[in-house]
Amino acid sequence: MKAVIVIALACVGLGFSLSGAVGILRMPDLYCRIQCSSKTTTMGALPALIALVVGEGVLSSYASRALLTAFLLLLLNPASSHALARAAYKSGVPMWDGAVRDEAAEARHRREQRRRERRRDGSGQED
Amino acid sequence: MSGLSAALLRTFALACWAMAVWLLLTWTVTAEQLVVGAIVSAAVAVFLAPLGPVAGPWRLLDPRVARRTAALAFVAGRRAVAANLRLARRIWAPSRPLRSGMVIVPTTQRSPLGLTVVGLVSSLIVDNQLVDVDRSRGRLLYHAVDVPPRDPDQARERINGPLEAHLRQERG
Numbered sequence: 139m140k141a142v143i144v145i146a147l148a149c150v151g152l153g154f155s156l157s158g159a160v161g162i163l164r165m166p167d168l169y170c171r172i173q174c175s176s177k178t179t180t181m182g183a184l185p186a187l188i189a190l191v192v193g194e195g196v197l198s199s200y201a202s203r204a205l206l207t208a209f210l211l212l213l214l215n216p217a218s219s220h221a222l223a224r225a226a227y228k229s230g231v232p233m234w235d236g237a238v239r240d241e242a243a244e245a246r247h248r249r250e251q252r253r254r255e256r257r258r259d260g261s262g263q264e265d
Numbered sequence: 564m565s566g567l568s569a570a571l572l573r574t575f576a577l578a579c580w581a582m583a584v585w586l587l588l589t590w591t592v593t594a595e596q597l598v599v600g601a602i603v604s605a606a607v608a609v610f611l612a613p614l615g616p617v618a619g620p621w622r623l624l625d626p627r628v629a630r631r632t633a634a635l636a637f638v639a640g641r642r643a644v645a646a647n648l649r650l651a652r653r654i655w656a657p658s659r660p661l662r663s664g665m666v667i668v669p670t671t672q673r674s675p676l677g678l679t680v681v682g683l684v685s686s687l688i689v690d691n692q693l694v695d696v697d698r699s700r701g702r703l704l705y706h707a708v709d710v711p712p713r714d715p716d717q718a719r720e721r722i723n724g725p726l727e728a729h730l731r732q733e734r735g
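Order-wise, the sequence lines are chains A and B.
Take the working numbering: the final residue in the first sequence is number 265, and no numbers are missing along the way.
Take the working numbering: the final residue in the second sequence is number 735, and no numbers are missing along the way.
Any given hint might turn out to be false.
[As the list claims (entries may be wrong)] Quick list of the computed label-pair ranges, beta carbon to beta carbon:
1) A:GLU255 to B:LEU567: 18 to 28 Å
2) B:SER658 to A:SER229: 27 to 37 Å
3) B:ARG631 to A:LEU205: 20 to 30 Å
These are calculated hints, taken from the structure and not from any lab test.
Using N, Cα and C, we set each Cβ at its ideal position, and we do this for glycine too.
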């Protein structure tokens, strides 16, 4: 029974990891690829770690190290993907053409438009 | 609390966390391991304590904090699994429409700890990735694989609202 659970969990982990790898190839832009590369692989690693705990026993040294690894994965993966996405966005890496909207760019555009209008109004009053 | 006692408490909290990591790594409870672990943990704590405030592990003994943490973990886990399944389906069936984009959502969190928790936990859910934080205006910029409606409240409800419901409200 234990072997069946371990195999099932390992297969779930493998499935998510494989999805992440295929997603990196199939996603249209960097931002979507970051999501596939970081988070889908987290969901791939967690079932594998649970399989290790089930296989080796909850009170084994494997379980304690699996818990530590899971905690580090859950903490560091979103932090590193945030750093990657922020660096890409700040350095101007574009989204794909089919992206629905970019509210930050829209807000920036509105601010610049207001600034131009204020400048124009100011020079008009001087005339 | 005076500066010295705050620094001592922070160092002690860090030493407790370091000792927990030591115990998890070694998984051996002998006198030698415990003494070496305590010395190493104390050294690490003294070295790292000046970096900033630390929440001690005893905070989890507070029933309210424990309940909030468990609820947050449950909501995040449920949403992360559902979002991963949706994305996996989308990856294996590329004909399904992809509605990705950058969205700005309001947040009720203002403290560094609150924003970090919301940013990390919401980014664990594969639908959303935190890109930037505007702390003064209480706004978060997310890359969403499936963009929510344009209404900020509806967007918040889809991305960070369910998580923030389990955090202390800090609207400034």
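Tested hints:
1. A:GLU255 to B:LEU567: 18 to 28 Å: About 56 Å separates the Cβ atoms of GLU255 of chain A and LEU567 of chain B, which means 18 to 28 Å is violated.
2. B:SER658 to A:SER229: 27 to 37 Å: holds, 32 Å
3. B:ARG631 to A:LEU205: 20 to 30 Å: holds, 21 Å
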